[in-house]
Amino acid sequence: MDPLQFAYKAKRGVEDATLTLMELVTHHLDQTGSFIRILMMDFSSAFNTLQTHLLLSRLLDLDVSPGIVLLVRAFLRDRPQTVCMKGVKSNELILNTGAPQGCVLSPILFSIYTNEIMSNTTTLTLIKFADDMALVARLKDEQSLSIYFNFIGHLISWFDKSYLRLNVKKTKELFIEKHRARDTSLLQPVRIKSEDVEIVETFKYLGTVLDYNLSFTTHVDTVCKKVNQRMYLIRKLKKFDVDKKILEMIYRSLVESILTFNIVTYYGHLTDKQKNRLNKIVNIATKVINLKQKSLNGLYQQTVVTDFRPRQRSLVVVVVVVIVVVVVEVVLIVVVVVVVVVVVVVVVVVVVEVVAAAAAGGGVLKLSIIT
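FYI, the numbering for the sequence shown is 1 to 371, going by UniProt numbering.
Hint data in this document are derived by calculation from the structure and do not stem from the laboratory. Since we're looking at a predicted model, the values are computed, not measured. Just so you know, even glycine gets a beta-carbon here, dropped at the ideal spot from N, CA and C. Any given hint might turn out to be false.
[What the hints assert, rightly or not] With a straight-line Cα cutoff of 27 Å, these simulated DSS-like cross-link-like pairs (lysine-lysine) come out: (1) LYS294 - LYS225; (2) LYS178 - LYS236; (3) LYS178 - LYS204; (4) LYS294 - LYS244; (5) LYS204 - LYS172; (6) LYS292 - LYS225; (7) LYS292 - LYS236; (8) LYS245 - LYS292; (9) LYS244 - LYS275; (10) LYS204 - LYS280; (11) LYS292 - LYS273; (12) LYS172 - LYS225; (13) LYS178 - LYS140; (14) LYS244 - LYS226; (15) LYS238 - LYS292; (16) LYS280 - LYS244; (17) LYS239 - LYS287.
[Said to hold, decoys possible] The following label-pair restraints were derived from C-beta to C-beta distances: (18) ASP211 - ARG79: 40 to 46 Å; (19) ARG79 - ASP272: 53 to 59 Å; (20) ARG235 - THR121: 51 to 57 Å; (21) ASN96 - THR121: 33 to 39 Å; (22) GLY67 - GLY153: 35 to 41 Å.
Given only the sequences and the hints, what does the whole structure look like? Please build it.
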């Protein structure tokens with residue numbers, strides 16, 4: 001399976017997808033004359049256009065058991081559908097295309113369906129989260145731009161063959177640090193099916209608003225607006241003498257959850273002014289609820305530790321094992337050296353005694369064994 005598909009996988013989620021994107025972007029921008037173009041693709045009814053025969057073929061290509069493939073076929077084929085309104089039912093329609101909406105299995109099947117289309121090169125990386133796809137292009141010159149445009153052409157061709165309809169009007173492109181481009185020709189828009197893709201200055205990717213200079217100003221504005229609306233509700237509840245423990249539960253559910261969502265991605269890029277603006281909301285909540293709440297920095301540290309503790313433990317285990325192996329090898333070497341030294345000493349002593357006995361006894365040797 002594509003390692004850059006982050007949806008519906010154990011120990012993977014939105015944070016991993018956005019962190020991967022940010023790592024690619026920030027690392028590339030360290031180079032002189034470099035800039036980023038991100039194509040955010042949008043599909044029209046992606047799950048509804050999934051073709052069963054293509055999915056089954058791709059499952060077999062992944063060496064999935066034929067029995068499971070038959071189960072998937074039975075799940076997707078001959079599905080009856082009707083519409084009921086005010087007790088009146090429409091005629092029954094049998095569906096053999098697409099995957100059921102709202103079904104847990106559908107996003108997984110879609111991930112398998114799109115598994116074979118991938119890219120992770122020095123220029124292009126295709127990041128997937130179910131049907132949300134972002135093509136990150138790390139550009140510097142005409143050659144890298146040509147690679148970008150050619151791969152987009154390949155993508156469109158593959159989508160057409162797979163019956164996936166790309167919605168060009170909803171597909172957007174975000175330029176990051178475009179002023180660093182060496183030539184304006186590197187900024188020409190992407191053209192899909194005779195239509196230019198709209199270039200935007202901000203884009204909401206998996207719940208986090210990215211902007212053209214990675215300032216996260218729009219994202220902070222969005223978070224503050226949403227959180228302040230919910231703080232208004234908490235203030236109203238406070239007037240009805242709602243217990244502060246209940247108010248704290250509401251705060252954790254409605255406010256803190258928004259503040260901490262994907263915080264590992266953007267918090268490190270914020271200015272002190274932006275952090276203070278968000279922390280002001282936490283301070284207001286502390287006064288309204290009358291219970292001390294964790295600062296945003298504390299929430300960030302808590303999230304980072306929680307997310308990466310398993311990896312840290314794994315690293316500690318590896319380090320301990322390496323140290324133990326090295327110590328054992330050193331001990332073995334020391335033991336071997338000691339044994340060699342003892343043997344050499346014994347041989348020398350024996351030789352000395354033999355020579356001394358031969359000289360004193362006229363050829364009669366008396367050997368003593370050193371134990």
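Each hint, compared with the structure:
Simply put, LYS294 and LYS225 have alpha-carbon atoms about 20 Å apart, close enough for the 27 Å limit, and the pair holds. Straight-line distance between C-alpha atoms of LYS178 and LYS236 comes to about 46 Å, which puts the hinted pair past the 27 Å bound. Taken as a hint, the LYS178 and LYS204 pair is honoured in the structure, with Cα atoms around 19 Å apart against an allowance of 27 Å. For the given pair, LYS294 sits about 16 Å from LYS244 by alpha-carbon distance, which is consistent with the 27 Å threshold.
For the proposed pair LYS204 and LYS172, the alpha carbon gap of about 10 Å is at most 27 Å, so the pair holds. Under the criterion of a C-alpha separation no larger than 27 Å, the hint pairing LYS292 with LYS225 is consistent with the structure, at around 22 Å. Proposed proximity of LYS292 and LYS236 is supported: the alpha carbons are some 19 Å apart, at most 27 Å. A hinted pair counts as satisfied when its Cα atoms are at most 27 Å apart, and LYS245 with LYS292 qualifies at roughly 11 Å.
As the CA atoms of LYS244 and LYS275 are separated by approximately 26 Å, the hinted pair is consistent with the 27 Å bound. For the given pair, LYS204 sits about 24 Å from LYS280 by alpha-carbon distance, which is consistent with the 27 Å threshold. Distance restraint check for LYS292 and LYS273: the Cα-Cα separation of roughly 22 Å lies within the 27 Å cut-off, and the hinted pair is therefore satisfied. A C-alpha spacing of about 24 Å is found between LYS172 and LYS225, which places the hinted pair at or below 27 Å, so the restraint holds.
At roughly 10 Å between alpha-carbon atoms, LYS178 and LYS140 fall within 27 Å of each other, so this suggested pair holds. In summary, the hint linking LYS244 to LYS226 is supported, as the alpha carbons are separated by about 22 Å, within the 27 Å threshold. For the proposed pair LYS238 and LYS292, the alpha carbon gap of about 16 Å is at most 27 Å, so the pair holds. For the given pair, LYS280 sits about 19 Å from LYS244 by alpha-carbon distance, which is consistent with the 27 Å threshold.
For the suggested pair LYS239 and LYS287, the alpha carbons sit about 13 Å apart, so the restraint of at most 27 Å is met. Taking the beta carbon of each, ASP211 and ARG79 are about 43 Å apart, inside 40 to 46 Å as hinted. Distance hint check for ARG79 and ASP272: the Cβ-Cβ separation is about 55 Å, which falls inside the suggested range of 53 to 59 Å. Distance hint for ARG235 and THR121: a CB-CB separation of about 52 Å, consistent with the stated range 51 to 57 Å.
Against the hinted window of 33 to 39 Å, the Cβ-Cβ separation of ASN96 and THR121 comes to about 37 Å, which satisfies the hint. Taking 35 to 41 Å as the suggested C-beta distance range, the pair GLY67 and GLY153 conforms, at roughly 39 Å.
In summary, the structure is inconsistent with hint 2 from the numbered list given earlier, while agreeing with all the others.
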